[in-house]
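Model the full assembly from the supplied sequences, consistent with the hints where possible.
Letter by letter, the chains look like this.
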Amino acid sequence: MTNARDIYITEVALRDGSHAIAHQFTVEQVLKVAKGLNDAGVPYIEVAHGDGLSGSSLQYGLSRTNEMELIEAAVSVADKAKIAVLLIPGIGTVKELKEAANLGAKMARIATHVTEADVAPQHIAAAKELGMETVGFLMMSHMAPVDKLVEQAQLMESYGADTVYVVDSAGALLPNQVRERIRALKQSLGINIGFHGHNNLSLAMANSLVAIEEGATRIDGSVRCLGAGAGNTQTEVLTAVLDRMGIQTGIDVYKMMDVAEEIVAPILETPQEITRDGLVLGYAGVYSSFALHAKRAAAKFGIDSRDILVELGNRKVVGGQEDMIVDVAAEIAKVKAEAVR
Amino acid sequence: MSKVKVAILGSGNIGTDLMIKLGRSDVLELTAVIGIDSESDGLRRARELGYLTIDTGLQGFLENHSDLADIVFDATSAKAHVRHAKMLKEAGIKAIDMTPAARGPFVVPSVNMGSNIEEANINLITCGGQATIPMVHAINRVSPVEYAEIVATISSKSAGPGTRANIDEFTETTSRGIVEVGGAKKGKAIIILNPAEPPILMRDTVYALVEEGTMDEAKITQSIKEMEKAVQSYVSGYRLRTEPIFDGNKVTIFIQVEGAGDYLPKYSGNLDIMTAAGVKVAEEFAKNQLTYQLVK
Chain E
1 MTNARDIYIT
11 EVALRDGSHA
21 IAHQFTVEQV
31 LKVAKGLNDA
41 GVPYIEVAHG
51 DGLSGSSLQY
61 GLSRTNEMEL
71 IEAAVSVADK
81 AKIAVLLIPG
91 IGTVKELKEA
101 ANLGAKMARI
111 ATHVTEADVA
121 PQHIAAAKEL
131 GMETVGFLMM
141 SHMAPVDKLV
151 EQAQLMESYG
161 ADTVYVVDSA
171 GALLPNQVRE
181 RIRALKQSLG
191 INIGFHGHNN
201 LSLAMANSLV
211 AIEEGATRID
221 GSVRCLGAGA
231 GNTQTEVLTA
241 VLDRMGIQTG
251 IDVYKMMDVA
261 EEIVAPILET
271 PQEITRDGLV
281 LGYAGVYSSF
291 ALHAKRAAAK
301 FGIDSRDILV
311 ELGNRKVVGG
321 QEDMIVDVAA
331 EIAKVKAEAV
341 R
Chain X
1001 MSKVKVAILG
1011 SGNIGTDLMI
1021 KLGRSDVLEL
1031 TAVIGIDSES
1041 DGLRRARELG
1051 YLTIDTGLQG
1061 FLENHSDLAD
1071 IVFDATSAKA
1081 HVRHAKMLKE
1091 AGIKAIDMTP
1101 AARGPFVVPS
1111 VNMGSNIEEA
1121 NINLITCGGQ
1131 ATIPMVHAIN
1141 RVSPVEYAEI
1151 VATISSKSAG
1161 PGTRANIDEF
1171 TETTSRGIVE
1181 VGGAKKGKAI
1191 IILNPAEPPI
1201 LMRDTVYALV
1211 EEGTMDEAKI
1221 TQSIKEMEKA
1231 VQSYVSGYRL
1241 RTEPIFDGNK
1251 VTIFIQVEGA
1261 GDYLPKYSGN
1271 LDIMTAAGVK
1281 VAEEFAKNQL
1291 TYQLVK
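Sequence lines, in order, name chains E and X. Residue 172 in this note's numbering sits at position 172 of the first sequence, and the numbers go up by one each step. Count along the second sequence from 1, then add 1000; that gives the number in this note's numbering.
What the hints contain is simulated information worked out from the structure, not anything from laboratory work. All C-beta atoms in this analysis are idealised placements derived from N, C-alpha and C, irrespective of residue type, glycine included. Hints are supplied without guarantee of correctness; some may be wrong.
[To be verified] Simulated coverage check for chain X against chain E, where a stretch passes if three residues somewhere in it have a Cβ under 8 Å from a Cβ of chain E: (1) 1163-1169; (2) 1186-1194; (3) 1232-1246.
Laid out in structure tokens, this is it:
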């Protein structure tokens, strides 16, 4: 059954989900989750800090466990699945990529802001040399017009990427916008097209299905929605839906449900749902990992986290600019205090 | 009083901005701009301003005009500088390295210029390093810094092909500078490119964790403000955006660098802080030389 896959799903809970639990994954959790996913037939499992290799920082949050230990743990139980890592140039370097490859990571996803693909050639080339499958991951895809996205995706292809992803980091894309983007890429590229959604507007599933309709063959999901913001396309649900549609993912639907219910749900302190902040991320077009940071800053400065997120959206802040959250919060608090006076 | 002769190697953004700044110096005399493409914007401007231009690289310059420079600023790339460093050393010409090649000692003018000014090869780390290391040092001279992390956000427009191709060198060299010059026990650097229009000014955030029990908020604040003035003496657009934020043993500082607008517009504070630091180092060296000549 795992032989013929129409769609290849990458499970991102052990990377994107790191944001949702403030980067607190333990080796035990990763062993259990990765084994469950592997046994259910998931072809790719991504493991890293939420902001990719070397993301552990005061800016994004310190990892409880060194991510290399987590990668090693995942590799040790994945006899069928391939372990993927994310690397954002400017945060991680080729050095960490090599370390991850030596531990057995087989896929490198090199992520840049949607207009900045040209910081990636060094890393894609290094990943190729290490024998890894390569993905160009264009984040915040909603912020660029379609022709710009195509141009940047073509750059990724020219650097040697095997796949290019439209990444809806803010969960802001509407189904018709996903359609025009995937369609344009399909017409212009010769490599695999992927889609990574966030469920902030409750559109992750719909968007993933539209992407598949338009020819995307790589889809990201997070089991139990364990991803930044409201999480990603819920993997066990996607698996079931695609099964009903007669689209082969090679994943056992029941086993996937069990991983979600028995292994991942207990990790979550509160169930993933579309909270007020999550909704605002999608509504304002803000990077999903900002949610927890904005909540903390709002509490510290006694203001509404929605005001912070909307202002960040207005300023066209990109992924990785978490330092702007406190900065903007301080400014809003100051303006508010002056108004009261 | 005669001036010290300098030449610029590299006719990209950094080299061209340097050319405009050096034209204003009282102690440095720019003699030549060295490139490899006679049609580049940098060399064209250099010709217009009446400087000797060389389009056959450093080799071409050294073969015929090596007497025209006591100092060469290298604004090419980390990879090219490795070769240039050797050639300049053999020619007995001082190198001020604007790339992250890290051949010579790291210098931040407001922190450690005195001890390194006579070195044959001086490295200026990175733009993010020049903007943030002074602040790491300012904290560290009050309370020992266990860990410092910096985030440099620059406008996409101000990041040329060199910066983009060398993004790993940026983070690695800056991290080393935070430790070696800033004095932190451990360092980390992150760089982010932001494509917003109109372009954003360069912003830097410094996070520092000081040794438990040594936090002195008043003294650190004072030290930071003194350092702001020291950097402003050569980069006028350098400023703290807010008061430092203290949280347990963590200090957070927000910095903004507005460029002088010499070559690229004012949003390119990242460019400005590098070239201003380079000129500052060369001028200090020149003043020492000229004083020495007078005494003699």
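Quiz item: Counting residues of the segment 1186-1194 of chain X whose CB is closer than 8 Å to a CB in chain E, do you get three or more?
Solution: Our answer is that it holds, as 6 residues pass the Cβ test (under 8 Å) against chain E, meeting three.
Exercise. Closer than 8 Å, Cβ to Cβ, for at least three residues: run that test on the segment 1232-1246 of chain X against chain E and report holds or violated.
Key: It holds: at least three residues are needed, and the segment 1232-1246 of chain X offers 3 whose Cβ sits within less than 8 Å of chain E.
Quiz item: Mind checking, does the segment 1163-1169 of chain X have 3 or more residues with a CB under 8 Å from chain E?
Solution: holds (count 4)
Hint compliance for this structure: every hint is met.
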